[in-house]
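**Student:** Start from the sequences and build out the full structure, keeping to the hints where you can.
Read top to bottom, the protein sequences are chains A and B.
Counting along the first sequence from 1, when you hit position 124 you're at 123 in numbering that gives the first Met the number 0, and nothing is skipped either side.
Counting along the second sequence from 1, when you hit position 291 you're at 290 in numbering that gives the first Met the number 0, and nothing is skipped either side.
Warning: the hint list may mix true and false statements.
SDA-like mimics (lysine to any residue), calculated; alpha carbons at most 20 Å apart, straight line [said to hold, decoys possible]: (1) B/Lys-491 with B/Ile-90; (2) B/Lys-248 with B/Thr-193; (3) B/Lys-491 with A/Leu-162; (4) B/Lys-491 with A/Thr-94; (5) B/Lys-297 with B/Arg-104.
Partial list, computed: chain A residues near chain B (C-beta under 8 Å) [stated by the list, open to error]: (6) Trp-31; (7) Trp-32; (8) Ala-45; (9) Ala-46; (10) Ser-110; (11) Leu-129; (12) Ala-146.
The hints are simulated quantities; they were obtained by calculation from the structure and are not laboratory data.
Bear in mind that the values here come from a model prediction, so they are computed numbers and not experimental data.
Don't be surprised by glycine CBs; every beta carbon is placed ideally from N, CA and C.
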Amino acid sequence: MSTPTSSHTGTAGEHRTDTQPPWEQPETPATWWSGRSGLVVPAVVAAFSTYLLIGALTMEIPEGTDFPGPTFYPLILTVAGYVLAALLVLHYLRTPEHPEELSARTWRTHSDWTAVLWSAGGFLAFALTLEVLGWILAAALLFWAVARGFGSRRPLFDISLALLVSSAIYLAFTVGLGLNLPSGILGGGF
Amino acid sequence: MDALNLLMDGFAGALTPMNLLWVVVGCLLGTAVGVLPGLGSSMAVALLLPMTFALDPTAAFILFAGVYFGGLFGDSTMAILMNTPGQGSAIASTFEGHKMAKDGRAPQALATAAIGAFIGGMVASVVVVFLAPRLADFSANFGPAEYFALALFAFVATSSVVSDSAVKGLASLVLGLGIATVGIDAISGSERFTYGSANLFDGISLVTVSVAVLALGEVLHVASRIRRNPAAHQMKVTGRPFLSRAELKEAAPAWARGTAIGLPFGVIPVGGAEVPTFMSYDLERRIDRRRPNPMFGKGAIRGLAAPEAAGNATTGTAMGALLALGLPVSATAAIMLAAFQQYGLQPGPLLFDRAPELVWALLASFFIAMVVLLVINLPFAQLWAKLLLIPSQYLYAGITVFCGLGIYATSGAVFDLLLLLGLGVLGFIMRRHGVPVAPLLIGMVLGPLAETSLRDGLLSSNGDYSIFVTGPIPLVLYGLLFIVLALTVRSKIVNRARRDV
Chain A
0 MSTPTSSHTG
10 TAGEHRTDTQ
20 PPWEQPETPA
30 TWWSGRSGLV
40 VPAVVAAFST
50 YLLIGALTME
60 IPEGTDFPGP
70 TFYPLILTVA
80 GYVLAALLVL
90 HYLRTPEHPE
100 ELSARTWRTH
110 SDWTAVLWSA
120 GGFLAFALTL
130 EVLGWILAAA
140 LLFWAVARGF
150 GSRRPLFDIS
160 LALLVSSAIY
170 LAFTVGLGLN
180 LPSGILGGGF
Chain B
0 MDALNLLMDG
10 FAGALTPMNL
20 LWVVVGCLLG
30 TAVGVLPGLG
40 SSMAVALLLP
50 MTFALDPTAA
60 FILFAGVYFG
70 GLFGDSTMAI
80 LMNTPGQGSA
90 IASTFEGHKM
100 AKDGRAPQAL
110 ATAAIGAFIG
120 GMVASVVVVF
130 LAPRLADFSA
140 NFGPAEYFAL
150 ALFAFVATSS
160 VVSDSAVKGL
170 ASLVLGLGIA
180 TVGIDAISGS
190 ERFTYGSANL
200 FDGISLVTVS
210 VAVLALGEVL
220 HVASRIRRNP
230 AAHQMKVTGR
240 PFLSRAELKE
250 AAPAWARGTA
260 IGLPFGVIPV
270 GGAEVPTFMS
280 YDLERRIDRR
290 RPNPMFGKGA
300 IRGLAAPEAA
310 GNATTGTAMG
320 ALLALGLPVS
330 ATAAIMLAAF
340 QQYGLQPGPL
350 LFDRAPELVW
360 ALLASFFIAM
370 VVLLVINLPF
380 AQLWAKLLLI
390 PSQYLYAGIT
400 VFCGLGIYAT
410 SGAVFDLLLL
420 LGLGVLGFIM
430 RRHGVPVAPL
440 LIGMVLGPLA
450 ETSLRDGLLS
460 SNGDYSIFVT
470 GPIPLVLYGL
480 LFIVLALTVR
490 SKIVNRARRD
500 V
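**Tutor:** If you want it as structure tokens, here you go:
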């Protein structure tokens, strides 16, 4: 692992910024990127610092605000964020972190991205359709998507269970505790 | 004894049938969530936080107390049975505890842990009852310099002590501090980092952040591994918990020493119960080496008893620090603080004057929670392991649905659900790359305090920074901070050297 590191350090700066997401890891696990997908962490920290920096520079500050104004403290955080991001980049460049593989075989990526995408995608669909479809259908969709992501292969049983769970929650929380959950296209029932 | 009378009033408030029910429900829920692999007590509290808004404050906090301590019990149950500690404070229990379990002494190990946690928690609750009001009086005359020192202390301690890598801990902390600055600035009234979005005027809710990084982030993390490594989720349990007289005699001094080590750590915020559990484990190991027949490495009962007592003693006094100083020292305490704020209560010196009936009922419910937990854990510990029979795909699907329910029920906005998803992905990335999430939450909670005291101090001194190092209390705190850092560096070196466990 150490030889490719030294030969690539010159171009590492450009690589880091544009090919960040670890799910776009190269084909074989033995490339420069293996063990360095953690570079996404400094990328997030640096991106957030930039968000704070732009916000602080464009902020409308009322007239006559005394010295430690509203941007004083966020700018300290911005500087700290950039410094920490740089230190993390250095850390990953010098010592790639290889997670311990406990299962019998080796995988191309450490994380099972199909499962993560099913779960996260299910949540995105839930968030976007909740107010149209209503709680019962949207939450059932979410339940089903996560169960599928976790490896369940019984779609009919899962859908029935999902509808049962979401309806039970709807009844318990809207009727029992008085929370306001959207009824959506099934509206009018309660 | 003033404190005793107030505590009795507290018991009177807490012992109504309804509140008693909430303690039991809290203990059951906390243990149930703590027992599930990978789900710690902080996740239990985070998931329950939105649900409790339907309750009155006293009932809600009593429920929390049960969940909090129940989660700790559950964490150690899993640490012992499956070698999967729910959170950092249960790691020290895995070393000897899991060896006992493998040795066929799982029930004894569970009983040792339950009794140790009971002793530690009970002693800590007594200390809090007598100490917290004095601590509150003492801190009533804190100014910006003192609060800033205190906040800085909590930041550095949590992010450097808890994590393996100080840089990762600090990065997590800075993210939390930054998230807390979004919204209208309390001092000048300017809009900060909202980029014109009305959804961000009130800032990003701690409820959203904690459910996202603790619950949704964990679900995604488990999703990313479960199909590749399902073996980590299996274990069989048999037998009954039973300690012989000899075993009790063997464990008793370790329980006492663990409690003694754990108590002071909750009052001085050094980042949760992890440090004292390791310290007491280390102490027992040293003592054990001098005995004619060393037991460590073969399932030593003392190596389990001491960290359990220390962990719960710290947790108990940490609640005292939360109530008296408004200073959370763990992720769970940070969420409890958010719950207080949700009810318009600010923990700290004034809470004891403003809401005495709530504080004392909460303290009384600590005692009740301990007793309830001992009762449900001693005989039923193996029964809890049966929860593992829920197929994991439905378990995690259910948790995800509850994340969505909690956030939508409190905010009523799709925007917050999307924010939850984004932060959940952040929580997943942090877990995947070994970045601790506790500093993020503590940064979010204490960030505003740090910023306000920093700016107030500078405003009143006309920009003179020396105001932060004048006065005895800040100087003492900075001195303590230095000692903590030195001890951390030392213990990391020692840890590296003692791989023979």
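**Student:** Hint by hint, say whether it matches the structure.
**Tutor:** Hint-by-hint comparison with the structure:
1. At roughly 15 Å between alpha-carbon atoms, B/Lys-491 and B/Ile-90 fall within 20 Å of each other, so this suggested pair holds.
2. For a cut-off of 20 Å, the pair hint linking B/Lys-248 to B/Thr-193 is broken: about 61 Å separates their Cα positions.
3. For the proposed pair B/Lys-491 and A/Leu-162, the alpha carbon gap of about 50 Å is over 20 Å, so the pair is violated.
4. Between B/Lys-491 and A/Thr-94 the alpha-carbon distance is near 19 Å, which keeps this suggested pair within the 20 Å criterion.
5. A C-alpha spacing of about 11 Å is found between B/Lys-297 and B/Arg-104, which places the hinted pair at or below 20 Å, so the restraint holds.
6. The restraint placing A/Trp-31 at the interface with chain B is violated, with a minimum CB-CB distance near 17 Å, outside the 8 Å limit.
7. The criterion of a C-beta within 8 Å of any C-beta in chain B is not met by A/Trp-32, whose closest approach is roughly 14 Å, and the hint is violated.
8. This hint is violated: A/Ala-45 has a C-beta 10 Å from the nearest C-beta of chain B, more than the 8 Å allowed.
9. Because the beta carbon of A/Ala-46 sits about 11 Å from the nearest beta carbon in chain B, more than 8 Å, this interface hint is broken.
10. A distance limit of 8 Å between C-beta atoms decides the matter here; for A/Ser-110 the minimum to chain B is near 4 Å, and the interface restraint holds.
11. Interface hint at A/Leu-129: satisfied, since its Cβ lies 6 Å from the closest Cβ of chain B, which is below the 8 Å cut-off.
12. Given hint, A/Ala-146 at the interface with chain B, holds; its Cβ is 4 Å from that chain's nearest Cβ, closer than 8 Å.
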